[in-house]
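Place chain E on chain F using the hints.
Below are the chains, spelled out letter by letter.
There are 2 protein chains.
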Amino acid sequence: MSINLDVWFTPAEYKDEQEQTAVVIDVLRATTSIVMAISNGCQAVIPVAQVEEALAQREVCPDVILGGERGSLLIPGFDLGNSPREYSREVVAGRKVVITTTNGTLALRRAIKAKTVIAASFVNAGAVCRFLRQTSGGGGLLCAGTKGRFSLEDALCAGLIASRLSDVAAMSDTALAAAAMYQGAQAHLREIVESSSHARHLAAVGFAADIAFCLTHDVVDVVPILADGVLKAMPG
Amino acid sequence: MSINLDVWFTPAEYKDEQEQTAVVIDVLRATTSIVMAISNGCQAVIPVAQVEEALAQREVCPDVILGGERGSLLIPGFDLGNSPREYSREVVAGRKVVITTTNGTLALRRAIKAKTVIAASFVNAGAVCRFLRQTSGGGGLLCAGTKGRFSLEDALCAGLIASRLSDVAAMSDTALAAAAMYQGAQAHLREIVESSSHARHLAAVGFAADIAFCLTHDVVDVVPILADGVLKAMPG
Chain F
2 MSINLDVWFT
12 PAEYKDEQEQ
22 TAVVIDVLRA
32 TTSIVMAISN
42 GCQAVIPVAQ
52 VEEALAQREV
62 CPDVILGGER
72 GSLLIPGFDL
82 GNSPREYSRE
92 VVAGRKVVIT
102 TTNGTLALRR
112 AIKAKTVIAA
122 SFVNAGAVCR
132 FLRQTSGGGG
142 LLCAGTKGRF
152 SLEDALCAGL
162 IASRLSDVAA
172 MSDTALAAAA
182 MYQGAQAHLR
192 EIVESSSHAR
202 HLAAVGFAAD
212 IAFCLTHDVV
222 DVVPILADGV
232 LKAMPG
Chain E
2 MSINLDVWFT
12 PAEYKDEQEQ
22 TAVVIDVLRA
32 TTSIVMAISN
42 GCQAVIPVAQ
52 VEEALAQREV
62 CPDVILGGER
72 GSLLIPGFDL
82 GNSPREYSRE
92 VVAGRKVVIT
102 TTNGTLALRR
112 AIKAKTVIAA
122 SFVNAGAVCR
132 FLRQTSGGGG
142 LLCAGTKGRF
152 SLEDALCAGL
162 IASRLSDVAA
172 MSDTALAAAA
182 MYQGAQAHLR
192 EIVESSSHAR
202 HLAAVGFAAD
212 IAFCLTHDVV
222 DVVPILADGV
232 LKAMPG
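So the protein sequences, as listed, match chains F and E. As numbered in my numbering, residues 2 to 237 make up the first sequence, in order. As numbered in my numbering, residues 2 to 237 make up the second sequence, in order.
Careful: at least some of the hints might be erroneous.
Since the list gives no way to pick out one identical chain from another, each pair is judged satisfied if it fits inside one copy or across any two copies.
As the list claims (entries may be wrong) - List time: in silico DSSO-like cross-link candidates among lysine-lysine, alpha-carbon distance up to 27 Å:
#	residue 1	residue 2
1	K114	K148
2	K16	K97
3	K233	K116
4	K148	K16
In case anyone wonders, no lab produced these hints; they're calculated from the structure. Note that the structure is a prediction, hence the values are computed from the model and not measured.
Isolated chain F, as found in the complex (with noise of 0.2 Å):
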């Protein structure tokens, strides 16, 4: 055993653990696009909890990309909603992005005590195992829910983790659970996640193809990080 591994379903749950690695997973959508922008050459993720925030940056920054949603719709104002298809090359290569999410930017608020915050979803999952395997002081996933309620698809993509971690973590009983609830679900993950209550809304207002590809395992190989407020793709 060489790292102590713990799950939040809930960020209301979460105790600061300042020793500890801390990834925040909000897999419809917030981590999902904010790991492609980095994978497509974003220079940083700069997460605000306030649409206004978000609007004041771009006052100061005028070069800045508005990212983001309320109710899962594009903010009135802003240059891109919160489908991890929209952050391409194209659009965000050596841009700095301001996104200001429902829950997943409040759950990276939420963790900014901990020794090292990085965004996790199933597209990066691969590489953020190989970060945790070599960080000391355990590591603690985050679910970000949904308005503070448990979220499925954040604690499937944590029990992904876990589950491939299982090899070196001492787990707890969150840990143990979400890794029982992957292993369970992964023969049908995609029809399970389309069930919850979150997916089944993306669906209702047109963004049933962002399900799929945000279940899509190990996509890139990136990890974000998070310093000074601002996430940015791990060196190395």
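For chain E alone, kept in the frame of chain F given last:
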């Protein structure tokens, strides 16, 4: 779909749903002991929060048996601990038991406003499922947890019940998660539960044998139902 099914992983998350049947689950060991006591002819189980309440009840009614635990151990002055194997027919038939435990009796009290409150564990899961299939208004599976925290064995028992009702239930995200968790864990259920924090504690204080017993599925057919503060066998 005939019933709505929800799962609360901790009592703190539980929202009163007065139209629902609340199914209180404390596998290790309170609801397993309660189910076994009722199955063995115990006339009534009275759950109380405090040791002093239990002692006071015996002052009023010297004939009652006092059972329960603090720190998993027998409470000084009590007749029985919290091991389901203690609640045998020889000991409890025709008697009333006042019980106080760290998690299970608190969860029963938390659920008290629900239309119907029943006690469940692996040992009576089949009977609970049969009851829920006939209920109207849906079911909420309330995991007692351990000192307010997520408890693996309770979530897995909720998952067993949710799995078995998947043909008739409209499931919440947590119900889907619990069902997937059970499906992922069932082939190694005992091994996984034995690595949980509560099970390791129980084994350390001499109750390893209880764990195997508490995970046995469908041992008895009774459904304890709470009415006017007292658990009795469901009539019928």
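For which of the previously enumerated hints does the structure constitute a violation, in increasing order of number?
2
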